[in-house]
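S.K.: Chain order of the listed sequences is A and B. Mapped onto numbering that gives the first Met the number 0, the consecutive letters of the first sequence carry residue numbers 0 to 273. Mapped onto numbering that gives the first Met the number 0, the consecutive letters of the second sequence carry residue numbers 0 to 273.
To be clear, the hints were calculated from the coordinates, so they are not data collected in a lab. Check each hint, because a few of them may be wrong.
Stated by the list, open to error - With a straight-line Cα cutoff of 27 Å, these simulated DSSO-like cross-link-like pairs (lysine-lysine) come out: (1) B:Lys199 / A:Lys46; (2) B:Lys120 / A:Lys3; (3) A:Lys120 / B:Lys46; (4) B:Lys82 / A:Lys82; (5) A:Lys82 / A:Lys120; (6) B:Lys105 / A:Lys3; (7) A:Lys105 / B:Lys105; (8) B:Lys120 / A:Lys105; (9) B:Lys215 / A:Lys215; (10) B:Lys46 / B:Lys3; (11) B:Lys199 / A:Lys199; (12) A:Lys238 / A:Lys215; (13) A:Lys199 / A:Lys215.
Claimed, not checked - Simulated DEER-style distance windows between Cβ atoms: (14) B:Lys197 / A:Gln104: 23 to 31 Å; (15) B:Lys238 / A:Ser221: 22 to 30 Å; (16) A:Asp220 / B:Lys197: 24 to 32 Å; (17) B:Thr140 / A:Ser155: 18 to 26 Å.
Claimed, not checked - Residues on chain A that point at chain B, a partial pick, calculated with CB under 10 Å: (18) Val72; (19) Ala75; (20) Met168.
Predicted model only: the values in this text are computed from it and were never measured. C-beta atoms are modelled at their ideal positions from N, C-alpha and C, and glycine is treated no differently.
2 protein chains.
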Amino acid sequence: MPHKRRVYFISDRTGLTVEALGSSLITQFDIVEFQRITLPFIDTVDKAREALAEVNQAHIDTGQRPLVFSSIVDDAVRAEINKANGLVLDVFERFIVPLESELGQKSLHLLGKSHSAGNVKDYNHRIEAINYTLSHDDGVTHRALDEADIILVGVSRSGKTPTCLYMAMQFGIKAANYPLIPEDLEANRIPPSLLPHKAKVWGLSITPDRLHQIRKERRPDSTYAALDNCRYEVAAAEKLMRQTGIPFLDSTTKSIEEIATHMLHEAHLVRRVY
Amino acid sequence: MPHKRRVYFISDRTGLTVEALGSSLITQFDIVEFQRITLPFIDTVDKAREALAEVNQAHIDTGQRPLVFSSIVDDAVRAEINKANGLVLDVFERFIVPLESELGQKSLHLLGKSHSAGNVKDYNHRIEAINYTLSHDDGVTHRALDEADIILVGVSRSGKTPTCLYMAMQFGIKAANYPLIPEDLEANRIPPSLLPHKAKVWGLSITPDRLHQIRKERRPDSTYAALDNCRYEVAAAEKLMRQTGIPFLDSTTKSIEEIATHMLHEAHLVRRVY
């Protein structure tokens, strides 16, 4: 069995950004199978040497030059990683020089300035959004809906909860969600408590096949999961949303990130960056 | 009042990656104040022209060349953005060429290959982790703890819930959490139901001052929030964790991303990439 080509994400902080960047770039090379490894908190020359040894060992083990996506602020630490027997693409190195030139000043070369850990106001706003969203999941309360930035509706298992949590966590959005239950579908109306807030109500839909697939994993052989029932619920929910003038998005082939970003974009909500 | 320098994050998909990358890079220039704008889903030449007009207008309005961090796969769309009166740094353009050369093949130049929207198995794993984490928040159940990848303990408001949710959402980790309540602190032991799972129990701590600040926002003038009580709880919780051999992390000056990444790293848990 041939070894998969190794891809390293090496960062002096969490590695989240190089991981996202590198992962996205390597999907452009479908024919190659990769094994991904993230090495976070590589912030000293000693740790860089250990990382370097691991990368070089991977080269020997797999017989292929590893790819290394890195983000290292310190020049001495980065110099170690740059010695790797592989292709090293460092985002800091490649972008900081044109930025320094454009802005006419040297960069601070300081660690740990991302994700606004130090900003108490931003942190509190984010935590408040997460708490609000948790306490307004699945229609558990009608209180304080005027505070919501957005309210999602949709049939059970259409993706409301993960989308709301992501919007809160990533963008600091207070996101409530309400299931469209059979009672709503029969009456062909949204939950009455949402009416005063209709301008910020958005819908999620899904194909009946995918809904069936998701529901049957949780409750096999139930009416709830039956394809016929999924067909009925989705059709009724879409009809309700169309007639009520609630814009909705099909979640079927979208990631949580894509659904959340689409909704905020359409709703013209400001996304914070943490 | 002088205009803030404008920074655009322009992407043919969600823009999350260029937003994270660019935001991190501009924090290296503390003296400059920036206004950040994200334009996602710029995937046609027409949309690129609109984005271009907005960037060029910002140049006129602010009197300063905007910075543009972009990620555009399509050459024609990217060519429009590259015409901007500003500094355009496109991650796709800058990284795909060395990758093509290293891998000895042309990139697919396909859109929407990130965040594994299309991979049902990955998607299900992620949703399952989120659901598990939600249903194991704040010690609400002792069931199925053997399924947890990690179990966090700490005093109320030490950051357990956001950390667990982030680990589930970002890395597909099943993360339970239990508050250390006064009863546990007095008895100087972890909740008994956690004993069989001690190897995966990790602690969060926080400085008493910060805990006091957080708690008093929620319950001003309460014993719960009083600085003396916060001092007692933190000291007792740290003593308990030290004596029980539970490794713990101080969350005070760390972002949710940093806490989550540190914990997974220390616990040697594999982080998935979505």
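S.K.: List in ascending order the numbers of the hints, as given earlier, that are violated by the structure.
M.R.: Numbers 3, 4, 5, 7, 8, 9, 11, 13, 14, 15, 16 and 19, in rising order.
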